[in-house]
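With these hints in hand, go ahead and build the complete structure from the sequences.
The listed protein sequences derive, respectively, from chains A and B.
Letter 80 of the first sequence, counting from 1, is numbered 79 in numbering that gives the first Met the number 0, and no numbers are missing.
Letter 138 of the second sequence, counting from 1, is numbered 137 in numbering that gives the first Met the number 0, and no numbers are missing.
No lab work stands behind these hints: they were computed from the structure.
Every value quoted in this text rests on a predicted model; they were computed, and no experiment measured them.
Just so it is clear, CB atoms sit at the ideal spot from N, CA and C, and this is done for glycine as well.
Just to be clear, a hint being listed does not mean it is correct.
Said to hold, decoys possible - According to the in silico footprint, chain B covers these stretches of chain A (three or more CB under 8 angstroms from chain B):
{"no.": "1", "stretch": "54-64"}
{"no.": "2", "stretch": "67-79"}
{"no.": "3", "stretch": "87-101"}
Unchecked claim - Using 20 angstroms as the maximum straight-line C-alpha spacing, the simulated SDA-like pairs for lysine to any residue come out as follows:
{"no.": "4", "chain 1": "A", "residue 1": "11", "chain 2": "A", "residue 2": "28"}
{"no.": "5", "chain 1": "B", "residue 1": "6", "chain 2": "A", "residue 2": "63"}
{"no.": "6", "chain 1": "A", "residue 1": "11", "chain 2": "A", "residue 2": "50"}
{"no.": "7", "chain 1": "B", "residue 1": "6", "chain 2": "A", "residue 2": "64"}
{"no.": "8", "chain 1": "B", "residue 1": "6", "chain 2": "A", "residue 2": "103"}
{"no.": "9", "chain 1": "B", "residue 1": "6", "chain 2": "A", "residue 2": "65"}
{"no.": "10", "chain 1": "B", "residue 1": "6", "chain 2": "A", "residue 2": "69"}
{"no.": "11", "chain 1": "A", "residue 1": "11", "chain 2": "A", "residue 2": "88"}
{"no.": "12", "chain 1": "A", "residue 1": "11", "chain 2": "B", "residue 2": "95"}
{"no.": "13", "chain 1": "B", "residue 1": "6", "chain 2": "B", "residue 2": "86"}
{"no.": "14", "chain 1": "B", "residue 1": "6", "chain 2": "A", "residue 2": "66"}
{"no.": "15", "chain 1": "B", "residue 1": "6", "chain 2": "A", "residue 2": "105"}
{"no.": "16", "chain 1": "B", "residue 1": "6", "chain 2": "B", "residue 2": "52"}
{"no.": "17", "chain 1": "B", "residue 1": "6", "chain 2": "A", "residue 2": "68"}
{"no.": "18", "chain 1": "B", "residue 1": "6", "chain 2": "A", "residue 2": "70"}
{"no.": "19", "chain 1": "B", "residue 1": "6", "chain 2": "A", "residue 2": "80"}
{"no.": "20", "chain 1": "B", "residue 1": "6", "chain 2": "A", "residue 2": "67"}
{"no.": "21", "chain 1": "B", "residue 1": "6", "chain 2": "A", "residue 2": "106"}
{"no.": "22", "chain 1": "B", "residue 1": "6", "chain 2": "A", "residue 2": "104"}
{"no.": "23", "chain 1": "B", "residue 1": "6", "chain 2": "A", "residue 2": "107"}
{"no.": "24", "chain 1": "B", "residue 1": "6", "chain 2": "A", "residue 2": "73"}
As the list claims (entries may be wrong) - Among the chain B residues that face chain A by a calculated CB cut under 8 angstroms, a handful are:
{"no.": "25", "residue": "106"}
{"no.": "26", "residue": "133"}
{"no.": "27", "residue": "135"}
{"no.": "28", "residue": "140"}
{"no.": "29", "residue": "153"}
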Amino acid sequence: MRGGVLLDVPPKHWGCPSCSWRHVTRLAAVHAPMHACPGAGGMNVFGTPAEQLAAVHHVVRERDDYVGSERVQLAPETGRPVMAVETHYADGRIDAAVYAPTAVAEVGA
Amino acid sequence: MAWSNSKVFAATLLDCLGNTTAIDLDADAVKAALFDSTITPDNTVTSANTALGAGVWASGQKSNGGWSSGGLAIGTPTWTRSTNVNTYDGADVANGSAATLTDVQGVLVYDDPITTPVADQGICYNYLGGANAVTSGTLTVVWNASGIFTLTAT
Numbered sequence: 000m001r002g003g004v005l006l007d008v009p010p011k012h013w014g015c016p017s018c019s020w021r022h023v024t025r026l027a028a029v030h031a032p033m034h035a036c037p038g039a040g041g042m043n044v045f046g047t048p049a050e051q052l053a054a055v056h057h058v059v060r061e062r063d064d065y066v067g068s069e070r071v072q073l074a075p076e077t078g079r080p081v082m083a084v085e086t087h088y089a090d091g092r093i094d095a096a097v098y099a100p101t102a103v104a105e106v107g108a
Numbered sequence: 000m001a002w003s004n005s006k007v008f009a010a011t012l013l014d015c016l017g018n019t020t021a022i023d024l025d026a027d028a029v030k031a032a033l034f035d036s037t038i039t040p041d042n043t044v045t046s047a048n049t050a051l052g053a054g055v056w057a058s059g060q061k062s063n064g065g066w067s068s069g070g071l072a073i074g075t076p077t078w079t080r081s082t083n084v085n086t087y088d089g090a091d092v093a094n095g096s097a098a099t100l101t102d103v104q105g106v107l108v109y110d111d112p113i114t115t116p117v118a119d120q121g122i123c124y125n126y127l128g129g130a131n132a133v134t135s136g137t138l139t140v141v142w143n144a145s146g147i148f149t150l151t152a153t
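Right, dumping it as structure tokens:
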């Protein structure tokens with residue numbers, strides 16, 4: 000059998016354990032689409048493969064430290080500073096999207 | 000002391016504007032490396048001490064599995080200007096194969112290909128706000144919509 004190019008990539012179904020978001024992608028490369036999740040305060044979180052949805056939950060972690068003058072990422076729906084959204088799987092795996100503040104510099108007279 | 004803020008290295012700015020270094024922000028393979036809570040970053044250090052493996056960045060790096068030592072490249076870097084604000088941005092960074100990491104407190108953004116006068120010179124550091132962890136999973140650094148860093152001319 001000869002190798003060949005896969006012309007029609009099979010669809011991959013995604014969902015979110017914290018909201019009703021559902022999505023389908025057709026990409027050959029490793030990927031995970033993001034969406035603004037109302038269940039996570041509107042933060043952009045990664046989709047979960049649909050076949051794993053039943054055994055997954057999100058944990059939203061607010062920033063541990065003071066915000067001060069940091070340009071942190073705020074949850075659009077709550078205004079709270081979110082440090083990470085963790086995805087906990089039934090088998091003990093944990094993924095995390097960690098939200099980096101913007102570093103700043105100013106120059107001027 | 001510990002991590003407390005997100006800053007651009009002053010010495011690196013001077014080196015770039017003074018043509019001391021050939022850092023090319025939107026062309027070089029700039030990387031993000033993870034660090035733990037044992038270090039206290041300082042953006043007023045010398046050029047040499049901004050670099051990965053030097054100064055405070057000589058210890059405390061977190062790596063495992065797909066988050067390899069030295070960190071991961073930031074894809075599609077951009078360096079743009081809007082009025083008086085210049086913004087450096089890029090794609091979110093994630094490990095391709097599973098990793099187990101604990102106490103991930105911050106990120107050093109550095110220029111990997113640059114070798115002289117300072118190899119792996121640091122550009123900025125971003126404080127994640129606490130101890131982050133993954134277990135046999137993916138840790139994705141999601142950059143702020145405002146960019147990885149900004150340089151404002153006031």
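Sort out which numbered hints this structure fails and list those numbers smallest first. Violated hints: none at all, because every hint is consistent with the structure.
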